[in-house]
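Trainee: Sequence:
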Amino acid sequence: MDETSLSNGELYTILTNKAAKGRKGTIVAMVAGTKAETVIAIIEKIPLKQRNLVTEITRIKSKCCGEILN
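Reading the sequence shown from the start, the letters are residues 2 to 71 in the working numbering.
Calculated from the structure, these hints are not laboratory results. It is possible that some hints are incorrect.
Claimed, not checked - Only pairs whose alpha carbons sit at most 25 Å apart, straight line, appear in this in silico BS3-like list of lysine-lysine:
(1) Lys-50 <-> Lys-22
(2) Lys-19 <-> Lys-36
(3) Lys-46 <-> Lys-25
(4) Lys-19 <-> Lys-46
(5) Lys-22 <-> Lys-46
(6) Lys-19 <-> Lys-50
(7) Lys-46 <-> Lys-36
(8) Lys-25 <-> Lys-50
As the list claims (entries may be wrong) - Between beta-carbon pairs, the in silico distance windows are:
(9) Pro-48 <-> Asn-9: 28 to 36 Å
(10) Pro-48 <-> Gly-10: 27 to 35 Å
(11) Lys-19 <-> Pro-48: 16 to 24 Å
(12) Arg-24 <-> Ile-47: 29 to 37 Å
This structure is a prediction, so every number in the text was calculated from the model and none was measured. Beta carbons: idealized from backbone N, C-alpha and C, even for Gly.
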């Protein structure tokens, strides 16, 4: 999980699959904004079966990321 600014200060939260190594499937989700509620709502749209496949989480040290992952 990472936050990035693509243009004009607009922040995005990006969830990636490092195992894809830059190929198809690397970007799991890209959410406009960094508010925990918004990101959680998008993550919850990913089927639970797929979310349960997550074995490791690497994140930045941002307050909103901590709220999202808890």
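Trainee: Failing hints, ascending?
Mentor: 12
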